[in-house]
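Peer 1: Spelled out from the first residue to the last, the chains are:
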Amino acid sequence: MSQLAAVESPRWVRIGLIPLLQLVLALAVSSLVVLMIGEDPIRAFKIMIQGAISTEFGGLSNTLYYTTNFIFTGLAVAVASHAGLFNIGGEGQAYVGGLAVAIVCLALDSTLNVWLIAPLVVVGCAAFGAFWGVIPGYLQAKRGSHIVVTTIMFNFIAMAFMSYALVVWISPLGGNSTDSRYWAADAVLPKWHEMASSFGMNASFSLLNPVLLLALACCVLVWVLIWRTRLGYAIRTVGSNPHAATYAGINANRIIIITMAISGALAGMMAVNEVYAAQGRLILNFTSGFGFMGIAVALMGRNHPFGIVLASLLFGALYQGGTELQFEISSISPQMVLVIQGLVVFFTGALDRLVREPVESLFQRRAIVAANASTGVAK
Amino acid sequence: MTAPAIELKTINKRFGPVWANRDINLRVMPGTVHGIVGENGAGKSTLMSILYGFYIADDGQTLVNGQELTIQNSQQAITAGIGMVHQHFMLVEPFTVLENVMLGMEGQGLLSRARGKARKALNDIASRYGLNIDPDAIVGDLPVGLQQRVEILKALYRGAKILILDEPTSVLTPQEAGQLFEILESLRSQGVTILLITHKLREIMAITNHVSVMRAGQMVAHRDTVKTNPEELAELMVGRKVLLTVDKEPARPGENRMTVDKIGYVDSRGVKCLKDISFSLRAGEILGVAGVTGNGQTELMKVLSGALSPTSGSVKLETRSGVQVLKVGEWPDAGQMRDYSIGHVPEDRLQQGVVKSFDASENAILGYHNKPEYGQPLLNPEKVVKATREMMDAYDVRPQLPSMKTANFSGGNQQKLVLAREMMKEPDILLIGQPTRGVDIGAIEFIHRNMIEARDKGAAVLLVSVELDEILSLSDRIIVMNDGAITGEVVASETNETELGVLMTSSADGDEPKLQKHGLQKEPEKEKEEVVV
Chain A
1 MSQLAAVESP
11 RWVRIGLIPL
21 LQLVLALAVS
31 SLVVLMIGED
41 PIRAFKIMIQ
51 GAISTEFGGL
61 SNTLYYTTNF
71 IFTGLAVAVA
81 SHAGLFNIGG
91 EGQAYVGGLA
101 VAIVCLALDS
111 TLNVWLIAPL
121 VVVGCAAFGA
131 FWGVIPGYLQ
141 AKRGSHIVVT
151 TIMFNFIAMA
161 FMSYALVVWI
171 SPLGGNSTDS
181 RYWAADAVLP
191 KWHEMASSFG
201 MNASFSLLNP
211 VLLLALACCV
221 LVWVLIWRTR
231 LGYAIRTVGS
241 NPHAATYAGI
251 NANRIIIITM
261 AISGALAGMM
271 AVNEVYAAQG
281 RLILNFTSGF
291 GFMGIAVALM
301 GRNHPFGIVL
311 ASLLFGALYQ
321 GGTELQFEIS
331 SISPQMVLVI
341 QGLVVFFTGA
351 LDRLVREPVE
361 SLFQRRAIVA
371 ANASTGVAK
Chain B
1 MTAPAIELKT
11 INKRFGPVWA
21 NRDINLRVMP
31 GTVHGIVGEN
41 GAGKSTLMSI
51 LYGFYIADDG
61 QTLVNGQELT
71 IQNSQQAITA
81 GIGMVHQHFM
91 LVEPFTVLEN
101 VMLGMEGQGL
111 LSRARGKARK
121 ALNDIASRYG
131 LNIDPDAIVG
141 DLPVGLQQRV
151 EILKALYRGA
161 KILILDEPTS
171 VLTPQEAGQL
181 FEILESLRSQ
191 GVTILLITHK
201 LREIMAITNH
211 VSVMRAGQMV
221 AHRDTVKTNP
231 EELAELMVGR
241 KVLLTVDKEP
251 ARPGENRMTV
261 DKIGYVDSRG
271 VKCLKDISFS
281 LRAGEILGVA
291 GVTGNGQTEL
301 MKVLSGALSP
311 TSGSVKLETR
321 SGVQVLKVGE
331 WPDAGQMRDY
341 SIGHVPEDRL
351 QQGVVKSFDA
361 SENAILGYHN
371 KPEYGQPLLN
381 PEKVVKATRE
391 MMDAYDVRPQ
401 LPSMKTANFS
411 GGNQQKLVLA
421 REMMKEPDIL
431 LIGQPTRGVD
441 IGAIEFIHRN
451 MIEARDKGAA
461 VLLVSVELDE
471 ILSLSDRIIV
481 MNDGAITGEV
491 VASETNETEL
501 GVLMTSSADG
511 DEPKLQKHGL
521 QKEPEKEKEE
531 VVV
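In order, the protein sequences belong to chains A and B. Quick note: the first sequence, position 117, residue 117 per this note's numbering, numbers continuous. Quick note: the second sequence, position 288, residue 288 per this note's numbering, numbers continuous.
Chain B with its partners taken away, still in its complex shape:
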């Protein structure tokens, strides 16, 4: 029997009182794809950071190809043949592919010789693994899927035989994800060992040979992928039975709440971020906005929430505060939008939704801080804390400490606080961006249930998410955005990932790219009710 490519024995890592990793044992056999799943904060990233030399384990043994190693920094990890593809790419965008690949390994003296050597080596690797790419393309011009390919090439160029991929599909379209998995299969067939960290159980089922489940810093199970199923894995991750589907009645849409008419936005550099966006949003429905990150969804949310003034178009609001027609030049700010009964859960919680250094109670009034109910003329901390307690109670924010610094809450609890703040006022229109980003499964279930509940109470909900599963399971109607324009509108119950994926990459003028076939896109009917896990 061959030695495992990676063997970890009783790895421990503590941060203060917290066991990030406790008694971790892991065996990854060479030439396999090994999945590691777990909720946020389960310790996956810490474990991979130990393997890649960012952290040093408190105790325990690391064996690579049967040899014991102490990996003190990433250079040693690279020498040992371990490569890592980070969730957020580590690329120099103005450089070419070749320059990025050879970065840090230029050798001495003049670049030209090193470049020649690197070009040859890069071509060898590319053809061996089927990773075709133009070495002279500027990385910043490449689509995300190809940028990720550059990251993989970088690792292989450095001699990686063991590849760690951290949430590799989080930035990809379904088609790009399909291509990635083809690449991973080709790498596996060439003897490369792959460690895949993900929270999407479907990917685990589709590509891995073995899967290890982490919970609260510990390895709770190792399974052969063929002998397990998503329900079992989810239960292992959370520690209890989890509902993977969203129960909802069909929507009963009411009157129009928001009519968006040809909204356009050109940013300061002259880039057209939004191109003639038009749609309507009705009471009692969830309208999903699908699309790959960075195709105008962020700008759309900012315009509708008042954080950004559009450069053309208009929006008509019909809410309990009357009918408003918003026009360019007199665009309301976010405070006025709230007065028009619009609640907004921002896409990027930490960047917009909360002030990390504030107490939870201070964040619980962000955006509503001018309301007299929080004290007059001065802010009354007792009233603010009382309101915060009510929010924490209703949305199960833990720990229930209004005076605790927001940064010290977990991502899921921060998100629940933001949702409570925006949803408990029961606004007529709810703009919700990435409601479950960085949120653990238990909380996802809770958040989804609350969104459906808000819809059933008559809220008009606009949901922006890059997680197609989430869009498909929550929305009643779906619009798809690409390159700042709407490329299609579909009814959620009559579509599937494949169709959405095509719309996500087609242009508004109607030229459609070829559809990539891969296992991931099969059986859409069966999967469309599944939630992101």
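Only chain A is shown next, with the shape it has when bound in the complex:
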């Protein structure tokens, strides 16, 4: 009986075809929504796609800039879920990471140059994010407080705390009412278009910056962590079967706390991209949902770093394309764009099995028929 599960559908179906079908389905429903408000869906999607991939107006590089954020928050969710933990606190962990940027930059941006300050910022963001993830992890491990509840609460705590910090401590140091001042230009990583022009190339303005490379490096590190280290082995054991972990002498509580530290650190590093490199200052609510979208990214990327890169690209394109769309078609409001993004999350994440199961069973049946034909089973 269990043989049925042994027949897996081909890899390209699982990783390629099924997400594609889900995307098509989401876009089909989105088209209906666009039709309902009296616009032409074909035109709308054309604008979105062009907006996301054009190099002329910096569309592609802005897509990659958004992708960077999604990779960090997606990895954060993925690492936690390998340990069976649902970290919804990426938003708060990233937000607190922003505080680390502010502390490092406000204190040192006039004394240190970019090569010294950038590593400090990375370490600071990771440490602050990790701290914000470890507390719910500790509460889960030692007190049994459910991680979903505590991470959500920690998002609110982070929001309130950061508002206070911005207004009371940070903005008086030279910024507007709820923003910090800009970091000194010498202390900030150059953006892609600036680097391009220094090489004599011409690129239009975008927020893309070298932190994308850090994000990709994190993908590799996470892959090594999960599938090649003993810690990763322990994390997966705890996540898949806590009883087996106890049996194997793995201290599940310790693993939960460590995992939440890593997860929080990854989420916190989103602030390196957003606060340090792209915006160049700390602004209120800079996370604007990227932390939550990490859940959808991890879900669509099947908790695998490679899948997360692909899913991040898709969501990055949706964000960038959506921004262009509101520009071009005035009757499409920002909320409309959210609806389209929401539908993609809905079909790829929440309704995953709607497409997955029929398609997989179709391919399984075909594989079985082929197998029977080759072995000559009657009937």
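Please keep in mind that the hints were generated in silico from the structure rather than gathered at the bench. Built from N, CA and C at the ideal position, the CB exists for glycine as well. A portion of the hints provided could be inaccurate.
What the hints assert, rightly or not - Facing chain A, from chain B, some residues (calculated, C-beta under 10 Å):
hint : residue
1    : R188
2    : S189
3    : M337
4    : P346
5    : N363
6    : Y374
7    : F446
Please build the complex by placing chain B on the supplied structure of chain A, with the hints as guidance.
Peer 2: For chain B alone, kept in the frame of chain A given last:
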């Protein structure tokens, strides 16, 4: 000639490429006990599920009392007079017996009227079949044997004339099993048809009129029970001659390996799961722990393997890694226990022993994953796969695919992988729980041989099993547990099932329940060397 109570004609059921049932023909005559035997995965459960409406056959005919039926769900099966007693009971424990029996048949409106009617009907049934039980007892408080009786009453209350029992004795003491078989005989004499699914050939011989043997999804033989014998049935089930007895030399016990001193464990709800357990385990012997499931054996294994810290007592280990005295408060975890040369085959393979979603190779290092031989500083998949191949080779794990998902291996092969992992390191102490649970006959033979071999090489083996036959045939000494305490220690070659059964239900203070007489407990001398089949 009367129509058969159940007649199946060329039933087929496929799951993907696998024929779970192929061309099944079966005739069960009314008022008989019909046994169905076969190894795990032979298709017994699938066939019964088809009969009870959980699955729908791909093709073939089902006739109940001569009438063709298509049973699409269990409601239709119940209407047709078929009742099923599942291996794992479907009871609401906080409810009374009466409430459980009437569950789903309450009728409309207020409960009180329905309850009155049900009480009368239940009393009628109970007295007709001799199934006495207090209708107001809380089911959760009843012993397992009586809970099973409630399941039978539930089926009869719904008008069952054909009763399917799936491995009914797996949770019972020998005495309770004896009572069950008395009930089945009384049911048979009242005209109830009984389909008994079991893997214990002795039960087939003791109670059935006819027996059908399944192998690999097909019916391979139908026999009248009086005209067959266990050896023939075992051979039919496996497809080759099977050794039903374990060949072993007398043990040559050596020095003490483990001395357990007054170990106690009180769980978080204040239940005393272990009460002053003391025993010693020596090199070169197998010490069996007998008892009905849930009498502290699980906790004992967990304490000794490091998965659980006891609340009182101590354990002294004398192994190749030196002498250790383990005390409350500084109890080692399972990893440290392995370092003290303790191997552990857990009772519940799927719950503890493996991670189902892992590759076989990943499970082959579970618990030993910190050993440098699997790569340094990162895990080296090639080394892990190589070690897995060696295990699969030595313990005949099939298919020999280290990259296959563990869930896709059969129960027997999963178990062999776990045994290979724990036994090939040749630890001084081996804790083995339910080594053959859900494992087919061919593999049982293999596993038992390996355990004896480990013993002869000097391992101290602690064997926990609820299968008395297994305990009796493998152990050199036996301790019996009931209600968290040791109620007796016997020498395996000088005891029998009856004595063990008495110890399994007596309390540590020495008040002994009455011994039930039944055919099953006769001739213990002849049967004690027999393995579970």
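Peer 1: Are the hints correct? Go through all of them and say.
Peer 2: Hints versus structure:
Because the beta carbon of R188(B) sits about 32 Å from the nearest beta carbon in chain A, more than 10 Å, this interface hint is broken. About 37 Å separates the beta-carbon of S189(B) from the nearest beta-carbon of chain A, more than 10 Å, and the hint is not met. At a threshold of 10 Å, the smallest CB-CB gap from M337(B) to chain A is about 7 Å, leaving the interface hint in force. For the restraint placing P346(B) at the interface with chain A, the shortest Cβ-Cβ distance is roughly 6 Å, inside the 10 Å limit, so the hint holds.
The restraint placing N363(B) at the interface with chain A holds, with a minimum CB-CB distance near 9 Å, inside the 10 Å limit. Taking 10 Å as the C-beta cut-off, the interface hint given for Y374(B) holds, the closest approach to chain A being about 9 Å. A hinted interface residue such as F446(B) counts as satisfied when its beta carbon comes closer than 10 Å to some beta carbon of chain A; here the least separation is about 21 Å, so the hint is violated.
Consistency with the previously given hints fails for numbers 1, 2 and 7, ordered from lowest to highest.
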